[in-house]
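I would like the entire structure built from these sequences, with the hints used as guidance.
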Amino acid sequence: MSMKSTFILGDMSKVLKGFEGKWVALSMKDGQIVISGSGVSIKEAVEKAHEHKVDDPILMKAPEESCAYII
Amino acid sequence: MKFAYSRFPCNPTEPFPNQHSVLRPVIDIAIIYKDQRIRVVALVDSGADWCLFPASIGEQLKIPVDQGKKIQFRGVTATGMAYFHEVTLEVGGWRHDCIVGFSSDLDASVTGVLGHNGFFDHYEVNFNFKKELIEIKQSI
Numbered sequence: 142m143s144m145k146s147t148f149i150l151g152d153m154s155k156v157l158k159g160f161e162g163k164w165v166a167l168s169m170k171d172g173q174i175v176i177s178g179s180g181v182s183i184k185e186a187v188e189k190a191h192e193h194k195v196d197d198p199i200l201m202k203a204p205e206e207s208c209a210y211i212i
Numbered sequence: 050m051k052f053a054y055s056r057f058p059c060n061p062t063e064p065f066p067n068q069h070s071v072l073r074p075v076i077d078i079a080i081i082y083k084d085q086r087i088r089v090v091a092l093v094d095s096g097a098d099w100c101l102f103p104a105s106i107g108e109q110l111k112i113p114v115d116q117g118k119k120i121q122f123r124g125v126t127a128t129g130m131a132y133f134h135e136v137t138l139e140v141g142g143w144r145h146d147c148i149v150g151f152s153s154d155l156d157a158s159v160t161g162v163l164g165h166n167g168f169f170d171h172y173e174v175n176f177n178f179k180k181e182l183i184e185i186k187q188s189i
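From first to last, the protein sequence lines stand for chains A and B. Okay, so the first sequence: first residue is 142 according to this note's numbering, each after it adds one. Okay, so the second sequence: first residue is 50 according to this note's numbering, each after it adds one.
The set of hints was computed from the structure by calculation and includes no laboratory data. One should not assume that every hint holds.
Straight-line Cα separation of at most 27 Å, DSS-like style, residue types lysine-lysine; simulated pairs [said to hold, decoys possible]:
#1 B/111 x A/163
#2 A/170 x A/189
#3 A/189 x B/118
This is the structure:
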C-alpha cells in the first residue's frame with residue numbers, strides 16, 4: 142500500500158517564471174508550491190532551500206525555453 | 050496512487066497560436082543511493098526505454114557517475130551517453146531497486162525521465178489526459 146501523500150505540482154507556469162534554465166528547490170507553503178531555493182547547480186538550489194529551513198525540497202530543472210517536448 | 054498532470058509554460062506557436070501552456074505527466078519521486086536521498090520531479094515517459102537523470106543528480110547523490118556501465122542513447126533529436134547505476138526509487142511511498150542512467154547530456158533539458166526498464170516494469174500506469182490524472186499501481 143502507498144504510505145505517503147503525493148506532492149501535487151499543479152500549475153507551474155507562473156511559479157517557474159524568471160527561473161528558466163535554473164535548478165529550483167520546490168516546497169509547499171500555505172498550500173501553495175513555492176520556490177525555496179534556486180541556482181545554476183543542484184547544490185546551490187539545495188543550499189538556499191536549507192537557508193530557508195526547507196530540509197527536503199523537491200528539485201527540478203526549470204525548462205530553458207517555453208516550448209513543447211518531443212522526447 | 051493518483052498524480053495530477055502539471056502545467057508548464059509554452060510559447061504560442063504558428064499551429065497553436067492560443068496555447069500558452071502544456072500539460073505534462075510529471076511526478077515527484079525520490080532517488081536513494083546508499084545513505085543519500087534526493088527528491089526530484091521526473092517525466093513519466095512511455096517512449097523511453099530506461100530511466101534517465103542528469104549527471105548532476107547522480108553527483109549530488111555521491112554516485113561515481115562515470116564509473117557506471119555506459120549506454121549510448123538516442124532521442125528524437127539528440128544523442129548522448131548515460132552511465133548506469135543501481136539505486137532505489139521511491140514512488141508514492143513504494144520503493145523498488147532498479148538500474149537507472151545518469152547523463153551530462155540531459156543536464157540542460159529535463160530533470161529526469163521514467164521509462165520502461167526501472168519504472169513501467171514495476172508499475173501499472175494509466176494516463177488520463179482529459180481528467181489530467183496519472184494513476185500508478187504496483188504491478189502484481
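Quick rundown of the hints versus the structure:
no. : hint          : result
1   : B/111 x A/163 : holds, 21 Å
2   : A/170 x A/189 : holds, 16 Å
3   : A/189 x B/118 : violated, 33 Å
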